[in-house]
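Trainee: Residue numbers (numbering that gives the first Met the number 0), protein chains in the order written: chain A, 0 to 487; chain B, 0 to 93.
In case anyone wonders, no lab produced these hints; they're calculated from the structure. It is possible that some hints are incorrect.
Said to hold, decoys possible - Covered stretches of chain B, as calculated for chain A (at least 3 residues, CB under 8 angstroms):
{"no.": "1", "stretch": "10 to 17"}
{"no.": "2", "stretch": "43 to 56"}
{"no.": "3", "stretch": "62 to 68"}
{"no.": "4", "stretch": "73 to 84"}
Each residue gets a CB set at the ideal place from its N, CA and C atoms; glycine is no exception.
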Amino acid sequence: MALIDLTAHELKDLLQKNKISSEELTREYLNRISILDEKIRAFVTVTGELALQQAGKIDQRRAAGEALGALAGIPMALKDNMCTRGVKTTCSSQILNNFIPPYDAAVTERLLTAGAVLVGKCNMDEFAMGSSTENSGFFKTKNPYDEKAVPGGSSGGSAAAVAASEAVYTLGSDTGGSIRQPAAFCGVVGLKPTYGVVSRYGLIAYASSLDQIGPLTKDITDCALVLNEIAGPDPRDSTSAPVEKPDYTSFLSNGIKGLRIGLPKEYMGEGIAPGVASCLKQAAAKLEELGAVCEETSLPHTEYAMPAYYIIATAEASSNLARYDGVRYGLRIQGGDIIDMFKKTRGAGFGTEVKRRIMLGTYALSTGYYEAYYLKALKVRTLVKDDFDRAFTKYDCLLTPTAPTTAFRFGEKSQDPLAMYLQDVCTIPINLAGVPALSLPFGLLQGLPVGIQLIGKAFGEGTLLRVGYALEQNSALTRPRPDRLGAM
Amino acid sequence: MKITVSDTEHVAKLARLDLSEQEKKRYTQSLNDILGYMEVLNRVDTTGVEPTAHVLKLQNVFREDTIRPGLDKKLALDNAPEQENGCFKVPRIV
């Protein structure tokens with residue numbers, strides 16, 4: 000097997016046994032990026048020189064006999080909404096096109112401290128608003144399985160980079176499905192941890208009560224390894240949960256005999272492509288074969304999650320994005336007076352979808368509408384969360400599709416915001432409830448990957464990894480590969 | 000309820016967004032479509048339901064009131080579109 004096909008845990012062994020050096024591995028990845036990324040376009044910025052420096056340092060430390068972490072010397076990439084000191088961080092927006100953060104995000108700091116090698120920053124929907132990465136202010140990222148198909152979004156660059164082996168793993172952020180849906184479309188593993196498990200310090204905010212950072216990886220073991228590095232309390236994020244993290248790899252070999260798994264019927268209704276539904280049934284059958292008990296259940300408020308989400312998320316966004324005013328960083332367009340400068344800067348710097356969501360959120364919070372929209376949505380959020388709380392008194396986890404379809408084509412939904420929003424119908428309720436969810440590949444439909452989603456109770460990442468691992472070890476359907484890449 | 004172009008202009012003013020005539024039309028249409036869809040929430044009885052602003056059971060997170068190093072002034076200003084005498088420079092306000 001070629002180096003670029005290996006997972007982080009396989010590479011870890013080779014590095015620790017001195018079979019390869021980090022520099023050699025990093026050169027392999029940078030070479031791969033220079034050949035492939037003209038077509039895939041997963042990266043906004045490639046940090047080749049920095050990566051080689053970091054790799055060289057790790058090799059020296061290893062040669063000096065230092066004990067290094069599991070991810071030391073392994074090339075990775077970050078979504079371009081995570082701050083990297085001295086490396087441009089754009090959120091794929093024209094308004095931040097020249098922004099060079101003076102500090103590292105908590106996740107950047109943790110990974111670099113663990114010896115990770117940063118090869119670049121990944122393209123995304125501008126300010127993480129979108130489900131196809133078509134809303135990037137710069138360019139479109141292609142799905143490594145089919146260049147006419149979107150990679151999903153908003154972490155489309157992060158998912159495509161892993162699928163195309165342009166990075167061993169990446170981080171994405173997930174506000175309503177932005178890690179899981181692109182993971183599903185690109186045939187990789189994506190985890191949205193429980194709200195509060197990973198520090199959001201230095202993550203450019205979209206909707207603060209929903210945003211969470213998580214890994215996109217080639218397999219479940221890598222997911223656990225990356226989560227081990229990035230999880231845990233951080234005093235710089237006041238919404239960081241004061242809960243000590245377990246060793247997530249310790250859940251991987253427990254088997255799933257006797258686990259109770261619920262299949263909410265609301266996630267199998269109209270709008271779910273028949274092929275996706277049939278993959279889900281196959282997954283459920285496999286879980287039963289492995290000793291789990293699967294049965295249908297109900298989360299009755301599911302249909303209200305989407306409208307509630309688009310009120311809450313846009314309201315929070317309208318407030319969070321007020322900071323882009325051309326004063327302290329980013330784009331400035333001069334105007335007659337300061338208000339004019341604000342308006343011109345924001346009018347020119349934000350793209351169509353970002354402005355649409357700022358408008359929607361501003362409206363929902365404006366005098367006379369606050370109670371009808373925002374407060375109503377917060378109450379519905381309680382009901383959605385209660386559904387999950389009730390389900391988890393009976394089940395260890397829930398199984399659903401990650402997205403209603405496989406990757407769609409460029410332009411197919413970009414003119415119709417509501418059609419695009421419906422992409423996230425299976426992932427949004429999870430963010431409202433704040434619980435963790437894992438997407439893993441399970442089969443291909445006409446050459447495109449299908450993702451299934453495991454949803455757990457708060458801080459129940461271990462159970463999701465355990466179930467995901469059992470499926471992965473027992474079904475080849477969890478390991479699709481983009482065959483077409485050879486031709487690209 | 001129908002959003003008019005003049006409502007859109009009002010919201011754009013609140014949001015400090017300069018919109019072209021074409022954008023005003025586009026967002027008026029979007030707001031009507033999306034808010035129309037949001038009407039389904041009115042079918043849900045939320046009498047007596049507490050709102051959830053966030054899911055963590057955390058209130059006021061405190062830390063010791065001790066001095067810690069902050070961001071260096073030069074670093075803080077490095078990204079400024081315009082600066083003067085160690086300050087962010089903006090057009091005249093008063």
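Trainee: Now tell me, hint by hint, if it's right for this structure.
Mentor: Status of the hints after comparison with the structure:
1. With a threshold of 8 angstroms between beta carbons, the proposed coverage of the stretch 10 to 17 of chain B by chain A holds, since 7 of its residues qualify and at least three are required.
2. Remark: the stretch 43 to 56 of chain B is confirmed as covered by chain A, as 10 of its residues place a Cβ nearer than 8 angstroms to a Cβ of that chain, reaching the required three.
3. With 1 residues bearing a CB less than 8 angstroms from a CB of chain A, the stretch 62 to 68 of chain B misses the requirement of three and the coverage assertion fails.
4. Check on the stretch 73 to 84 of chain B: 7 of its residues sit with their Cβ under 8 angstroms from a Cβ of chain A, so the three-residue criterion for coverage holds.
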